[in-house]
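*Asks:* So you can see what is in the structure, the chains are spelled out below.
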Amino acid sequence: MGNNKKILVIDDDAQIRRVVELKLKNRGYEVLMAMNGQEGVSLIKSQQPDAVVTDIVMPKLDGQTLCKQTNPLKKQRPFLTIVMTNRISPDDRNWVKDMQDTELMEKPFSPTRLLGCIDEYFRRSES
Amino acid sequence: MRRLDQLHGFLSSLSSLIPLDFQIWDADGLVYASDNGAKPSHLTEHQAFSAQVMNQAIYQSSSNNGQAPMFGMPITYGQEVIGSLIASSSNDHSNQRSKDTVCVQTYDAKRMELFLTHLAGLAGETWANRNEIEAVAEELSLSFEDLSLYARISTHMRSLQFSEEMLKALVEELQETLRVDLAFIELPDREEYNAIVAGRQLQKRVSDQQAFAHNLIRSIPEQAPSLEQDYFIVNDSSTMSGYRELHPEPYRFLAVKVANNSTFDGWLGLVSFKLEEHFRQSELRLLQSMAKQVSVLLANVDLYHDLEQFVINMVKSLVFAIEAKDVYTRGHSERVNRYAMLIAERLQLDKTQQDILNWASILHDIGKIGVPESILNKPAGLNDEEFNVIKSHSKKGHDILEPLEQLASCLPGILHHHERYDGNGYPQGLKGEEIPFLARIIAVADTFDAITSNRAYRPAKAAEKALAVIKEVAGTQLDPKVVKAFKEVFEMTLKAEFETSHDE
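In order, the protein sequences belong to chains A and B. Taking the numbering used here, the leading residue of the first sequence gets 1, the next gets one more, and so forth. Taking the numbering used here, the leading residue of the second sequence gets 128, the next gets one more, and so forth.
So here's chain B without its partners, still in its complex pose (with noise of 0.2 angstroms):
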């Protein structure tokens, strides 16, 4: 029996009133005396005596050998007896006033049962409630845990971008926090994310986990053909064949279907080799849960690709319109994009940047859709209203492209890919490092494709000649450090192979 705290409180202060001493024992021995056990030498007796009461319900005790007699009287919980509660006359109130001690012994034996069965029903009452406060607080302290769970599961969610490393972490809190040995994902048709999380005492048990976990899995069907529910429980697997034979030793076993509508995707599970201990309800929640988030992550994934395919052949299209339109500068845009995304690797553009220039560079001229044709494919002789429609097009490209919210990283790219390094290009006029690095960087990929692509040169010719015109105007209109990595890159690609496809 756990201590009462407050009612050892209240016995010790009802000791020092009136002339008994209290004790409370348990089958293992003293839990409590209001002398604080002054009296070591009467305390087998006591204990034989509280076995006594505890026994048979004996509430008074033979008083012989001159002893004072002991009153007991059991503590029941339900109809379970946990202890005793003793009564006997203090030591000094014997001595010094032994009416007091008479007078229990006597008259009042009868008063003394009623008072010690309120004072036992009393102690049983507070030891009951003091139980279920615990069990309460411990399931209130589970529940704190599986919250804290829940919301360090959504922070991953929100926090990373849908990746392996994600379903691993969710996977790694479900371990470490249920406390389980196995817990796993399995997804047959994206084997790539699966992923699988053994605490430490595992990890030497099971040598192949992920042949364990797929076997558990495969089994389901065989074990549960027309399996209704969204979760599928072994309790124990010695119980149950087809999973006896899974592992020697007897283990538990939980899985949660990761489905979304009527898709199904795979399966979240847990093992656990602690038979004594169930799967709890609030567990089976949370797994749930757990299993219809990643649902709908695997379903956004699904329709972030469909998306992101669809701006990529939307964007091919638009690339065909301009080109069809454009006879002069038919392969243009995909050249200079290579140009722009070598430039870009040589000068360890990081991975965001580089997504952005590959947009940008493809889609530069997109603003020429809006020139007229007659002036677009003019050979020659432009005069200076028409040099202007022309000139609008890196804003046109801007404005078309504006109202794409996904687009707007690579506007200022298109916008500025005419602005020249001295401050004399188009359409602000921005100078040096105020024009946006992937614009400096697109323009030398666009300046060396227009050299390049003129007919007036043979091909290989024309290479050398149009890097020794980027030298040129290295500083005035290109930005310098883009044209040095810029001539690595012809040196290292570019060079040869202009001299082997191009010069026959």
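Chain A on its own, in the form it takes in the complex (with noise of 0.2 angstroms):
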């Protein structure tokens, strides 16, 4: 598993991102970290990854900015995004679904859950 899949995750919340990174580490794709949406953004640009898992809350720039910055790149080179945030309100549900290739998960998440949408969008991306 993993095939060189570059993944960034952006969290201000350093257990989050240690976690994230030992699962997916383990299942054999590269991580790269961020730790607000300004870097992220940045990254994203810069780096090219094939996933991206992103916090709403966090200094500097929010999740949703982040992938409204962002959705413009995926037309080019698709990539998946995975937001994760306290409490899916209805108002967050409405924007993601007006972006591409961008799913929700509520924490506290599941890094096996977390994990196997990862890996399902890139079985489905592949086929």
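In case anyone wonders, no lab produced these hints; they're calculated from the structure. Honestly, I wouldn't trust all of these hints.
As the list claims (entries may be wrong) - Taking lysine-lysine pairs in the DSS-like style, the calculated list, with each CA pair at most 30 angstroms apart, reads:
no., chain 1, residue 1, chain 2, residue 2
1, B, K295, A, K107
2, B, K522, B, K598
3, A, K107, B, K419
4, A, K25, B, K401
5, B, K401, B, K478
From these two lone chains plus the hints, build me the complex, please.
*Replies:* Shown next as structure tokens:
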């Protein structure tokens, strides 16, 4: 598994970054990390990750703005975005619906389900 | 040994500053080389040296056949040798700056040993730290898993009304998240709530899962007659008679009591055939907490049931109270209730609306409690004032029941059951669709019973006559849609009843 796919994890919570990093690395993915939305956007542009896992509430630039800024890039080069939030509000569902290849996941999240979601995306995009 | 990125970076930098190449080996082979394996010809030689270092802790190789000597140091983690660190003169340097090599060879062997000891110590420590961090992260990841399960299950418990589906969902989450082969809940006195979920592999192995789960639970008191804890655990069934026989393959089994204070409801259980893993402490805690929640829910179900019964009996008493006062209306509330419910069914009202109508129709005249008997039972000739008192009964009924939160939804049906479709009714003179729908249904049922209960007619005739009157006032007094539904109900059900049982 993994096939050198590059995954960017954006969260200001070090524990969450650590857990997600561990899970993804053990699965054979290459992992990049950012601590806020601003770093995240610049890494998405420079590193072209195959999937992005991002928090919503973050310093400097929040997850929603990040998605809106990077969504146009997906027309050229599609990639998966998983948005993690403490409580999925109808508002969240609404704006996420307008984004390409974007999934919502509720915190506290299950690392196994997160991994499953990413694996599934790559399986689908390859077939 | 895993890659240790920071250490590798450090060694690479070091190698570019001093005339040494570094390699890290473990029992499986080369882990790292500062020259990126630029000297493949020496690889077998290095590997043999690494094996020697790991076995005997040699730190310097004999410098034979003119080759540059190698230095090695075992990398240890606790008492265990996990790999070797090897340093050798780099090719470039040994050709160009042979003085350095000589220096390393002859004078500085002691320093070299000390240097490598530190370096290998650093490698061992880095490896240990890395391991520890990963173990902690793995533990953290499991806690995340548990937390997420808690959150999902409590969402289920909040959002659904208590039902078999809810326990099924709970057991499903447990099976999936804890990755066990079987998860189940057994409640001996409430078998309708029993639930069992099996992983895909298990479906083949155990044909009758329910019987298996049942036997597991049944064996607990035989194995542990004086069980004091709230859980029971079997780590390997092959070591326990009574459990060994239940399945040919060894399995592990954990069950937690579903109990609340003194009442015992049943067991929540997990089975796994993966004996290389154990039930974790956190899994036990999770299961205990789920079992507690389930027991509280079950207690609530009982309380809710009691409360519901209490309300039903209370309402029956209230209805008896009105009918005791008013001789003309004996059985009236129940009949109106029945007609209203027939109409509701015909109109395909949803379950919630039917429940509300059920209460509203049986209680629609409750306000008559507040009307003096002298007025209620006066055969004829009510003056305006007396008639106004009678008319107040719908508002009074509303006021009497208003403090009962549980009946709040049926108040509009009671308050407005004497409104007229043309707006000439009471108490508020609402018109057409302004009148709550349930009140319009009660109005039709009420009108029909008022006419058929009138002793002036013979029953069968009364029924036909009543229907004729109702059809006549459709659109003025009554809602034509409801009247249409009632007419259909009458033809299908009521007509035959009136002919057979009343008309002799």
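*Asks:* Indicate, hint by hint, whether the structure satisfies it.
*Replies:* Verification of the hints:
{"no.": "1", "hint": "B:K295 x A:K107", "result": "holds (23 angstroms)"}
{"no.": "2", "hint": "B:K522 x B:K598", "result": "holds (27 angstroms)"}
{"no.": "3", "hint": "A:K107 x B:K419", "result": "holds (24 angstroms)"}
{"no.": "4", "hint": "A:K25 x B:K401", "result": "holds (25 angstroms)"}
{"no.": "5", "hint": "B:K401 x B:K478", "result": "violated (47 angstroms)"}
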